[in-house]
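**Student:** For chain A, the structure is supplied; the task is to place chain B on it using the hints.
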Amino acid sequence: MAKQREKVLVIVQLSGGNDYLNCIVPWEDPRYRDARIGVRITEDEVIPLDNGLGLNPGMSAFKELYDQERVAIIHGIGYPTPSRSHFRSMDIWHTATPDRVGEQGWLGQAVRQLDPSGSNVVTAVNFGNGLPRALAAPGVPVASVGNLEDYGLLTGMSGAAQREQALSAFSRIYTPGVGSGMVMDYLGKTGLDALKGADILKQAPKLYESTVEYPDNPIAQALKGVAQVHFADLGTRVFYTVSGGWDTHTNEVTLQRGLWEEVSTGLRAFYQDLEEHDLGPEVTILVFSEFGRRVKDNGNGTDHGSGGVSFVIGDAVKGGHYSEYPSLDVGRLIEGDLAYNFDFRGLYTDLLEDWLGLDAQEIVGGNFEKISPFVDAVA
Amino acid sequence: MTTAAKTGTELNLIAHLLRRTGFGATWDELQECAALGYDGTIDRLFNPGEPEHMPSDIIRRYHPDQSITQIAPSSGSVWMYRMTTTKTPFEEKIALFWHRIFATGQTKLIQGKVMLTQIEMFRQFGLGSFRDLLVQLSQNPAMILWLDNQDNHKDNINENYGREILELFAMGVGNYSEEDIKECSRAFTGWTIANMPYMSIRMRNNTLRPYGYVAWQYRFDPDDHDEGEKTFLGETGNFNGDDIIDIICKNEATPRFIARHLYHHFIADELPVPQWPFEGPKDPEAIQLMVDAYFANDYNIGAMLRAVFESDMFKSEATQYARVKAPVELVVGTLRLAGGFDWPTQDIFKATAACSYMGQALLAPVSVEGWMGGEDWISTGSMVQRINFASDAMGDLTKKGIKAIIDRVSERHPVGEVAPMALVDDCLELLGALQVEPDTRKGLFTYARAQGEINPRTNEGARKIASVLQLIVSTREYQLI
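The listed protein sequences correspond, in order, to chains A and B.
Residues 1 to 379, numbered by the numbering used here, are exactly what the first sequence covers, in order.
Residues 1 to 481, numbered by the numbering used here, are exactly what the second sequence covers, in order.
What the hints contain is simulated information worked out from the structure, not anything from laboratory work.
In this text, all values refer to a predicted model and were calculated from it rather than measured experimentally.
Quick reminder that beta carbons are idealized off the backbone N, C-alpha and C, glycines included.
Some clues are possibly wrong.
[To be verified] Sample of chain A residues facing chain B (criterion: CB under 7 Å; computed from the structure):
1. Q104
2. G128
3. G130
4. S144
5. N147
6. L153
7. T155
8. R172
9. I173
10. G177
11. M184
12. L187
13. T190
14. L192
15. G197
16. S210
[Claimed, not checked] Keeping only pairs whose Cα atoms sit at most 16 Å apart, straight-line, the calculated EDC-like set for lysine to aspartate or glutamate is:
17. K7(A) x E103(A)
18. K315(B) x E10(B)
19. K87(B) x E32(B)
20. K400(B) x E453(B)
21. K63(A) x E362(A)
22. K189(A) x E252(B)
23. K189(A) x E10(B)
24. K108(B) x E261(A)
25. K182(B) x D223(B)
Isolated chain A (complex conformation) (with noise of 0.2 Å):
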């Protein structure tokens, strides 16, 4: 594995609201003890950080690569006029539109101008049903994974011998004829292209060798689906996948510790993964949520909030602390939500220029400011 592989971006998506309050602890705050009666980490639990600041208890396996330095922390992610809608609020984190609706996607956009073409149809790959917005732009082929090992067309014919011959035949009636019409051609090639798709990422578990063993819960297996799909070399350069389950609006205290303990073994077993392959320094993560949540707990839970973490991961990481946690003074709340102190897109300004090599501009809308948290700027 000595070729010099292409930089890829993997999106780690926490959909509901992580609870930046419970997941970054201001645990010797007593602002935060005070705000926090029900749905507190207390100093039993929490895992100590530095600056007064703890992990969660479910974060231990993240913990140890925070230590390697491969973690940037940025607090007080958000954008103007937050929105507490979880649809709205992931639809601007997907368009980088705040101000209205946007109409692409932030990386379908990204993945137009890594392959203008459109002659890779594995250039991005989603690991979920249905295609986040993040990833949707017109033109643009993404293949959309829900299980690597059986994903593709007529997966649900019954025998092996059945789905060989549907998919021989699906192959011939896909292919354009003659007059057949535009919307025909249309339908024939973008069928073709997911069939393609599906034929080069069968490979990917096949050439996969490792003796990692990933957790058994979704994150995990999607994260482990990356890395075959990586190691296969097929070109892909962004993968994306989700967490669900993070609107803790009950039980919060257990939900989300599970939770975290789920994303943090995940990435743990994907780096050591990556270390095995010796494939670590082309990839950098990105864990985002819609936004943090109520400052003020609800009794059991926490409702929606504003402001909240985000996390870069990689090699080319300069581990640290990004922007500042915002302030818990009830006076310098907005509605009683944190207010956010760092906008994203200056998030992806840095992903996207200094990652990725692209031109950042024209896909979030205007100049950010940048947090700058490789170690080399690239491109």
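**Tutor:** Using the frame of chain A, we list chain B on its own:
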């Protein structure tokens, strides 16, 4: 398209009509309509009888998981269940039509119940006078909150609704001025939600059930209504919202705009709406036909559509299969062919989620501009979802619709095996008189022939027949309607 199946022309036309005005038809449904004839089927569309789906109160009583209408997947699923089981699908198709144009999203409202109330209003008023419909829309609580008309005050107008009723809902860009938007907004001041201060506190304290179980109600607030003189589209007076709607409805730009939308939904894919001010309609005669029907019938939408369904243009070959199926049409149509649902189950949620994966989240359009439709539905990701959803449904031999198809094949070939070409033609016909290109038919034949002996009376034979159905719903033609 070339007719492949050995079906009569009128049956094919009825199948076309039922795909456009509903979600396609099973063989039995087609036979029922064949007895009525094409014109009789049109009559029945407009006098449909009872929907016969499970009533909402029964769903709420016995299927509480379908009743958590605060969140989109559940309320979307309530509608999904109704679409897959109703005996009057035209009502649902009309509701879908208006949902696409008057696109309101739970994304902002968070509460699903008010969305379902809006959809019910579309069923009730969607085929009637456009004037009545616009009045209902302007007083619809979901719409008021969606476009901020509760913040449209006499001393401080909010133009959101005033602009969109002209631009997106009734007339289209280029038929009014910025000044008209302001005057229109002034006329709609005071059209608000009852007890708004309380509702906005609930809104700020956003929890899983931000509005609790309190239903929003429309209220006209005379104290917040601008009583001054307004000049709108050249007319001057102390206009209220109703007067503005009257002026909108009598302007010829309005039926032209609505007719183009109707064309896009019922006849053939049009250009995306933002291009309409710059590019004329695909078929100006079809638009004129609808505009004439609109003025001759007191702005009646049903009359516009009836004129279309009765026209030679609608029956022509060029109009058949001229639209890309929207995800909801694909999912609901496939489920109905497979036999629908006897009661609400988890599969309804899966069907709703499948639509969302294909790009059409019911009750949650991305923006007020709705869904573009046409080729916009097709991407490599959505193709995998579409093909796998449809072929999975056809492969389920426990479904009564699939069993019925296999039984019918068996009846048609009472002795021994079925020849591959006969089987392909039977399957195309039994899936609602589908028509495919000759090359597609050949491909299906090659597949069927490779299956060897097919005896519909054996389990193996049934599986093979189901696999032919699976391949048929994976074709390009099945992506079209």
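**Student:** Work down the list of hints and note, for each, if the structure agrees.
**Tutor:** Consistency of the hints with the structure:
Restraint check, Q104(A) versus chain B: the minimum CB separation of about 11 Å is more than 7 Å; hint violated. Annotation: interface hint on G128(A) violated; nearest CB of chain B at approximately 9 Å, more than 7 Å. For the restraint placing G130(A) at the interface with chain B, the shortest Cβ-Cβ distance is roughly 3 Å, inside the 7 Å limit, so the hint holds. A distance limit of 7 Å between C-beta atoms decides the matter here; for S144(A) the minimum to chain B is near 4 Å, and the interface restraint holds.
Taking 7 Å as the C-beta cut-off, the interface hint given for N147(A) is violated, the closest approach to chain B being about 12 Å. Here the hint on L153(A) is kept, as its CB sits about 5 Å from the closest CB of chain B, short of 7 Å. Because the closest C-beta pair between T155(A) and chain B is about 6 Å apart, less than 7 Å, the hint holds. With a least beta-carbon distance of about 5 Å to chain B, the hint placing R172(A) at the interface is held under the 7 Å criterion.
A cut of 7 Å between beta carbons decides the hint on I173(A): the least distance to chain B is about 4 Å, and the hint holds. With a least beta-carbon distance of about 5 Å to chain B, the hint placing G177(A) at the interface is held under the 7 Å criterion. The criterion of a C-beta within 7 Å of any C-beta in chain B is met by M184(A), whose closest approach is roughly 6 Å, and the hint holds. Because the closest C-beta pair between L187(A) and chain B is about 4 Å apart, less than 7 Å, the hint holds.
The beta carbon of T190(A) comes within 5 Å of a beta carbon in chain B, closer than 7 Å, and the hint placing it at the interface holds. With its C-beta approaching chain B no nearer than about 9 Å, L192(A) sits outside the 7 Å limit, and its interface hint is violated. At a threshold of 7 Å, the smallest CB-CB gap from G197(A) to chain B is about 6 Å, leaving the interface hint in force. Proximity of S210(A) to chain B is violated relative to the hint, the smallest CB-CB distance being about 27 Å (cut-off 7 Å).
The straight-line distance between the Cα atoms of K7(A) and E103(A) is roughly 26 Å, outside the 16 Å bound, and the hint therefore fails. At roughly 10 Å between alpha-carbon atoms, K315(B) and E10(B) fall within 16 Å of each other, so this suggested pair holds. For the hint pairing K87(B) with E32(B), the CA-to-CA distance comes to about 12 Å; that is within 16 Å, so the pair holds. Distance check on the hinted pair: K400(B) and E453(B) sit about 24 Å apart at the alpha-carbon level, beyond 16 Å; violated.
With a CA separation close to 36 Å, the supplied pair K63(A) and E362(A) exceeds the 16 Å bound. As the CA atoms of K189(A) and E252(B) are separated by approximately 41 Å, the hinted pair breaks the 16 Å bound. Pair hint K189(A) plus E10(B) does not hold up; C-alpha atoms about 33 Å apart against a cutoff of 16 Å. With a CA separation close to 32 Å, the supplied pair K108(B) and E261(A) exceeds the 16 Å bound.
Proposed proximity of K182(B) and D223(B) is contradicted: the alpha carbons are some 19 Å apart, above 16 Å.
Comparing the model with each earlier hint shows violations of hints 1, 2, 5, 14, 16, 17, 20, 21, 22, 23, 24 and 25; every other hint is respected.
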